[in-house]
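Here is what each chain is made of, one letter per residue.
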Amino acid sequence: MTLSLVRLDDRLVHGQVVVGWGRALDVQLVVLVDDRVRASEWEQDLYRMGIPAEVELRFASVPEAIAAAPGWLASPLRTIVVTGDVDTLAQLVEGSDIRRVNIGGIHQQPHRSKRLPYVYLSDDEASRLVSLVARGVDVSAQDVPTARPVPLGEFT
Amino acid sequence: MKSGMVRAWLRLFAVQGAWNFERLQGIGAAWASEPLLRDLPGGPEGERYRDAMRRAASFFNAHPYFAGLAVGAIARAEHDGVPASQVERLRSTLPAPLGSVGDRLFWAGVLPTTSGLGLALAATMPWALGPAVFLVLYNAVHFMVRGWALRAGWENGMLVSRALGEPWLQTALRIAVPFSLASVGFALPIMGSWLTDGLTWPARGGVLAVAVLGVALGKWVLPTLSGLRFGLSAAGLALIVGWLWQ
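Residue numbers (our numbering), protein chains in the order written: chain W, 1 to 156; chain F, 1001 to 1246.
Hints in this document: simulated from the structure, not taken from any laboratory.
We put the beta carbon where it would ideally sit given N, CA and C, even for glycine.
Heads up, some of the hints might be wrong.
As the list claims (entries may be wrong) - A few chain W positions that, by computed beta-carbon distances, are all more than 10 Å from chain F:
hint, residue
1, 18
2, 43
3, 45
4, 59
5, 61
6, 66
7, 71
8, 76
9, 94
10, 139
Unchecked claim - Between beta-carbon pairs, the in silico distance windows are:
hint, chain 1, residue 1, chain 2, residue 2, range
11, F, 1231, W, 53, 30 to 38 Å
12, F, 1003, W, 97, 53 to 61 Å
13, W, 76, F, 1174, 21 to 29 Å
14, F, 1013, W, 147, 24 to 32 Å
Stated by the list, open to error - Examples of chain F residues lying across from chain W (beta carbon under 10 Å, computed):
hint, residue
15, 1061
16, 1076
17, 1094
18, 1174
19, 1225
Generate the whole structure from the sequences, applying the supplied hints.
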């Protein structure tokens, strides 16, 4: 399969994703899965500005992403899928055959507690991720390609 | 010119001054925005100023040189009376493209291009010329981008994606990587012969072998190994071996 990376990152398509991971994986397609961005034209315009011309950027709602996931897994295009919250990621993984996810950055909010310097999770979010591991999904945190991947078990 | 622009531009140099994992650049962005928000209706004691400042201090992160684009655009949106929910969406959306554009332009383009040029000059001319040319060229682009970003943000407000689409910026992004590759590729053999000047041929072979090993390890065996880590490890190892050898 050439679905190179399925990432959870509340900054969505930012520098670490485009420069860090995009270069390391020589990525051709980035899919941003987020219901709110899917519905907002000006936000899509802004995200497009952050993507190099040689990389294609698509937007998908959660149902669209679930429908398209078998295509990404089978496609020869090297693809990164980015989601901005645990719920979106979990729905996508539960509705598809994605078996490995990367946790990039989830930032502080009042109901969240610190798990790693760049990962803050509420208890609900943490247990939702643990439930993905129970389904046989490999969940690990790694902000940039040169960092060590930290398995979910080590920080929840 | 909008009042407070110069002050905001200066304050943006410290946008990371209160960086923390909770809000990242949030506090710094608020401090830089403050001069642009003072003349909101009601003044610094008014409701709108306080609400705008509260929004301005929330979680924020962008490439520091491009942060002014967000600070300017958000201040403009506050002056235009854009609803709070829209301002907050703009504030949470901007970091992604600004981070991406900034990383591509500077970390992948201007920095390696000017470094390569500086290194090549240091090795072939009186050495002080290298760092001097590097610092002047790099910061000329850096200061220009900071000034442009704040002005373009203020001029465009909610339509800030127009500023990011400007032809000069799109062209710069397109040529950033080819320029940095050409510059570093130009500097590498010059640096190599300068560093190995006076070494015997077997020692030069050793230098080449270590360099090839570093590239091979980083590319195929241990992708998490960065060039810096490998270089420092190899230098440390060489010190220990040299010390034991005596």
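Quick rundown of the hints versus the structure:
1. Not every CB of chain F is more than 10 Å from the CB of residue 18/W (nearest about 4 Å), against its label as outside the interface.
2. With a closest Cβ-Cβ approach of about 5 Å to chain F, residue 43/W is found to fall inside the 10 Å limit, against its non-interface label.
3. Its closest Cβ contact with chain F, about 4 Å, brings residue 45/W to no more than 10 Å, contrary to its assignment away from the interface.
4. No beta-carbon of chain F comes within 10 Å of the beta-carbon of residue 59/W; the shortest separation is about 13 Å.
5. For residue 61/W, the requirement that its beta carbon stay farther than 10 Å from each beta carbon of chain F is met, with the minimum near 17 Å.
6. The non-interface label for residue 66/W is consistent with chain F: the shortest C-beta to C-beta separation is roughly 23 Å, beyond 10 Å.
7. In this structure residue 71/W is separated from chain F by more than 10 Å, as the shortest Cβ-Cβ distance comes to about 25 Å.
8. Chain F leaves residue 76/W outside its interface by the beta-carbon criterion, the shortest separation being 22 Å against a cut-off of 10 Å.
9. Non-interface call for residue 94/W relative to chain F: holds, since the shortest CB-CB distance, roughly 26 Å, exceeds 10 Å.
10. No Cβ of chain F comes within 10 Å of the Cβ of residue 139/W; the nearest lies about 18 Å off, and the non-interface call holds.
11. Look at residue 1231/F against residue 53/W: about 33 Å separates their beta carbons, and that is inside 30 to 38 Å.
12. For residue 1003/F paired with residue 97/W, a C-beta distance near 58 Å keeps the hint of 53 to 61 Å intact.
13. At roughly 25 Å, the beta carbons of residue 76/W and residue 1174/F sit within the given window of 21 to 29 Å.
14. Range check, residue 1013/F to residue 147/W: about 29 Å between beta-carbon atoms, so the 24 to 32 Å window is met.
15. At a threshold of 10 Å, the smallest CB-CB gap from residue 1061/F to chain W is about 7 Å, leaving the interface hint in force.
16. Checking residue 1076/F against chain W: minimum C-beta separation of about 15 Å lies over 10 Å; hint violated.
17. Among the interface hints, the one on residue 1094/F holds; its C-beta lies about 7 Å from the nearest C-beta in chain W, closer than the 10 Å criterion.
18. Residue-level restraint check for residue 1174/F holds (minimum Cβ-Cβ distance to chain W is 7 Å; threshold 10 Å).
19. Against a cut-off of 10 Å between C-beta atoms, the interface hint on residue 1225/F holds, since the closest Cβ of chain W lies about 7 Å away.
Comparing the model with each earlier hint shows violations of hints 1, 2, 3 and 16; every other hint is respected.
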